[in-house]
Every structure is written in C-alpha cells, then in structure tokens.
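4 protein chains.
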Amino acid sequence: MNFIYELEFKVRDYECDLQGIVNNANYQHYLEHTRHEFLLENDLSFAQLHNEGIDLVVARIEISYKVPLRSKDRFISKLNLVKDGIKYTFFQHIYRLPDMKLCVRAKVENVATINGQLAHCQFLDDFLEKINTKYKNNNG
Amino acid sequence: MNFIYELEFKVRDYECDLQGIVNNANYQHYLEHTRHEFLLENDLSFAQLHNEGIDLVVARIEISYKVPLRSKDRFISKLNLVKDGIKYTFFQHIYRLPDMKLCVRAKVENVATINGQLAHCQFLDDFLEKINTKYKNNNG
Amino acid sequence: MNFIYELEFKVRDYECDLQGIVNNANYQHYLEHTRHEFLLENDLSFAQLHNEGIDLVVARIEISYKVPLRSKDRFISKLNLVKDGIKYTFFQHIYRLPDMKLCVRAKVENVATINGQLAHCQFLDDFLEKINTKYKNNNG
Amino acid sequence: MNFIYELEFKVRDYECDLQGIVNNANYQHYLEHTRHEFLLENDLSFAQLHNEGIDLVVARIEISYKVPLRSKDRFISKLNLVKDGIKYTFFQHIYRLPDMKLCVRAKVENVATINGQLAHCQFLDDFLEKINTKYKNNNG
Chain A
9 MNFIYELEFK VRDYECDLQG IVNNANYQHY LEHTRHEFLL ENDLSFAQLH NEGIDLVVAR
69 IEISYKVPLR SKDRFISKLN LVKDGIKYTF FQHIYRLPDM KLCVRAKVEN VATINGQLAH
129 CQFLDDFLEK INTKYKNNNG
Chain B
9 MNFIYELEFK VRDYECDLQG IVNNANYQHY LEHTRHEFLL ENDLSFAQLH NEGIDLVVAR
69 IEISYKVPLR SKDRFISKLN LVKDGIKYTF FQHIYRLPDM KLCVRAKVEN VATINGQLAH
129 CQFLDDFLEK INTKYKNNNG
Chain C
9 MNFIYELEFK VRDYECDLQG IVNNANYQHY LEHTRHEFLL ENDLSFAQLH NEGIDLVVAR
69 IEISYKVPLR SKDRFISKLN LVKDGIKYTF FQHIYRLPDM KLCVRAKVEN VATINGQLAH
129 CQFLDDFLEK INTKYKNNNG
Chain D
9 MNFIYELEFK VRDYECDLQG IVNNANYQHY LEHTRHEFLL ENDLSFAQLH NEGIDLVVAR
69 IEISYKVPLR SKDRFISKLN LVKDGIKYTF FQHIYRLPDM KLCVRAKVEN VATINGQLAH
129 CQFLDDFLEK INTKYKNNNG
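Protein chains in written order, with our numbering: chain A, 9 to 148; chain B, 9 to 148; chain C, 9 to 148; chain D, 9 to 148.
Quick caveat, the hints were computed from the structure, so don't treat them as lab data.
Hints are supplied without guarantee of correctness; some may be wrong.
Copies of one chain are not kept apart here, so a pair can be met inside one copy or by any two copies together.
Said to hold, decoys possible - Using 25 Å as the maximum straight-line C-alpha spacing, the simulated DSS-like pairs for lysine-lysine come out as follows:
1) K18 / K95
2) K138 / K80
3) K115 / K74
4) K91 / K18
Here chain A stands alone, though its shape is the one from the complex (with noise of 0.2 Å):
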C-alpha cells in the first residue's frame, strides 16, 4: 500500500493495562492523532473545523491486531486517504520500530457533518484534491 502520512510515536507506559501491553484502545488514540496530525500539517484543523460547524466523524472503524507493543517500544503509523462516495476513509498501519514488524491495520470511514447534519463539504472535497495533487507529484 501506498503511504501519503506518517508519524513516529513512542509507548507511553499509562498506556500499557495489566497484561503489560497497549490497551487495544489506545490505538485508536494513536491512529487519531495520526490523523489530526496529517490535516494539520495541509492546513486543516480539526479543532478549528469543529468550531467552524464542521466535524469529521468516525462512521466505522476496522482494526488488526497483529503484534502488541509494549513499555519503551518506538513505533511509525501510517496512513492514506481515499475519497469513497460521501466517505473519507482512511487507511492505516502502525509498525514497530525498529524491526517494522506490523502490529495494527486500521480501516476509518469518516463522514462529514455541518451543524451536526451529514453534509456533503466542498470544503473536503477541496481539500482532498490538493493533496491528491501534492502526493501525486511527490511519488511521481
């Protein structure tokens, strides 16, 4: 799979539970921030969107567990975006580093919302476009 995004993080140990490893819900906060992460660095705030009326919602999520990270592991997510009908869906994977072993494969449709209605967002279809264009022209 192709990448567009990715962001290094490491395990913080109040994420560990009592089996000594990454509670399973933790990685949805990494993959978010992945996420929030990638809009910020087009110039798309999530906070901000959200104080505008908009808010990008999770609709369904999908989530591997491969190989759980622990106490000290450093790790890479991953992501691409693709435009699907009224859906955004995001792909993500997280390796551990150093060995790049795959622990999570993550499917995330999110569905745009003005004013708490689902919306069609120009906006996001703009959005979308440009980095379609960037990313575009960086792998080409």
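Given the structure of chain A, go ahead and fit chains B, C and D onto it with the hints provided.
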C-alpha cells in the same frame, strides 16, 4: 440478535472530547469493561487469568458508530458470545437510555494465548459450554 | 470530616496499568466525575455551564495516595465543598469497599471563569448557598 | 529552579475535553511519562523494575494549574529529583512553547516498595547518587 448479558453505564464528562461527544476510543473501553464484567459474573477474572499466564486478546474489532453519546447520557451495553474455530467472537451493542437508540454496534474477535503463544484453551471452551447451557436454560 | 455527597464506582480493568493497580491519573477522573455528578444532582451541569461561557476550572489539586485500587475493587467516593474567597474547594475521599480502607484523600481548588477570564460568579455563590441550606437541613 | 531533564510533547486532540482544553488528569500522564523517560535515559526501566518486584509509587502529588494547554500546543516538561528521607521527590514544570508560559507546576513524592511493602531501596539510592554526580558535572 439475542444478548446474554447487559450492563448499564453513564457517560463521564472526561470521556467527551472537544467535539462535545464521547471520544471514539472510549467506546472500546465501554465494550471491554462489559466483556470483563460478563466474564466476572461467570466466575472468570481477566486479571486473574493474566496472572496464570492465560490472556484473552483482541485480534480484530469492527465498530459502527451510529449515534454519539454526550455528557449526562446513560446507556446500556449488551453482548453475545459465539465460538468460531479458535476465535471467541463477541457481538456487542450500545443503546442510549431511555430512548434505546442504537449508538454503537461492534464485533470483537478474541483469541487465547498461553504464555504469549496462540493456543487452544480447554479452560475457555469449558467456560463457553457452561454459559451456553446457562443462558439457553434462561431463555428457553 | 462531614461529606455531603457520595458516589459508588467499580474499577474497570483498562484503568489499571502495568503495575496491576489503578493508574494515578485515573483517580483524578474518579474525583472529577464525583464532582460533576454532585453538581448534576443539584441541577448544575458542567457541560451546560461551559456552553454558557462559565467554566469551573481546577486551579490546584493535592492528592495523597494511601492504598491502591485493583481490578474488581468497588469503592465509594465522597466529597464536601467549601467556599474560601474566590476559591471553591472540594475535599474528597475515596474508600475501598467493603472494608472502607482510605485509598485517596484529595483537596481540589476550583475557580470560576466567564468567557475565559477569572471572575466572581454570583450564580455559583447562589448554588453554594442553596446546597449549604439543603445539606444543613439534611444533617440537622 | 534547576532542572536536570526535559522532554518535548505536543497536545493530542483526544487529550482535550469538552471545555476545549487538556483535561486535568492528562497532565498527570505528561508528568508520569516525563519521569519514566528520565529514568530510562538513565538506564532504569519502570516496567522492568516492576517485573523485578520493585515499584516506585506516587504517595502524594500537588499540581498547580496556571495556563491551560489546547489543541495544537507544543510544550516542554522539565524535572528535578531530590531525595528526602524515604521519599524521592520530583519537582516538575510544564511550559508552553514557544512563549514559555508556565502551565503546570507539580511536586510528586514517590516511595519505593519491594514486593508490595514500603522499603528502603539501595538500588534507587545508588541511582540517585549516579545522577547527582552526572548532572552536577554537567552543570558546573
């Protein structure tokens, strides 16, 4: 769908994020807590299993987010459990109270590990048989 | 100490960290949830106040950790509230059930802000007077 | 105050609550992660200590909240460590970047337990002596 266990919760304000709704990752917490309470009610402690070297780990999760929960909402979390090969699959729904709107629908596939290795666990199969008998009798 | 409100909880496994005990930060969650439920029971919603531009913010907290809570523990969280100048100070204790061991003792100083500025808030003073009357009558 | 260690962070959106600011409890996470990274940099692993039966537990914490952190904020977390009887006391400050506004000031008192019992831990004293020597040399 038939459910064999249910647990009532109330949203805690710290579970809401800057969108003013419960953060997506927290539903995994609700779902996990429901599973663990279900196990406990049937005399199986997740923490104690871990201390004995047996871990029930989530291999894959699918969550559909339907209606967001907000500050002050009460909700009910329901589950069913089905064995499928080496997988123990929980089907879980979360309904807002009192209007019973479906908020979240999840499918959570677990596998057992013994001392960190994927394993067939007779212990869990006996458990499953026990609860199948128990809940069939309750329902029939 | 006299307490005017109490709320029962049960430890959720995801609140425990790799030491097998509830992570220290989660006690702040318990304490916050207790304060917000206390406000709600007295017809004051933290979330609604925020939407009206009034925020009750923690200026200072002291927490003494006495006995750690573990998986499966139930506990009771108690509070008292005292006004001291511009500060609204909550005194909060958490006791393990059923043995009533003191787990956590906290002092939480709040101040009010209106549209982000530190402010005297007549609204909260009226609230405090109301609950003082209410609980004095209950206790006397 | 002299600090002997510092670590840079960036706010993650899920750490913000419905007030739009970082939830108070998350500062304890930031402070804990700073302490653990400090220990790691000096070859002491919190998770590994736990596996050997030694736990460094927080007995008391004081936190003053000065300026709230928000979505997109970067910040720097600094610490110093002093031994006082059986207590290992961390003094910790969090400053917003780039304006270096003081956000949080904390005093975190730890004690050592061996197999769950309060204990004098020669190991930690040797550690403290080592870092005192190291940082004194660095500073002067």
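To see whether the hints hold, each was checked on the structure:
no.: 1; hint: K18 / K95; result: neither (30 Å within a copy, 29 Å between copies)
no.: 2; hint: K138 / K80; result: between (37 Å within a copy, 22 Å between copies)
no.: 3; hint: K115 / K74; result: both (14 Å within a copy, 17 Å between copies)
no.: 4; hint: K91 / K18; result: neither (30 Å within a copy, 29 Å between copies)
Hint compliance for this structure: hints 1 and 4 are not met, and every other hint is.
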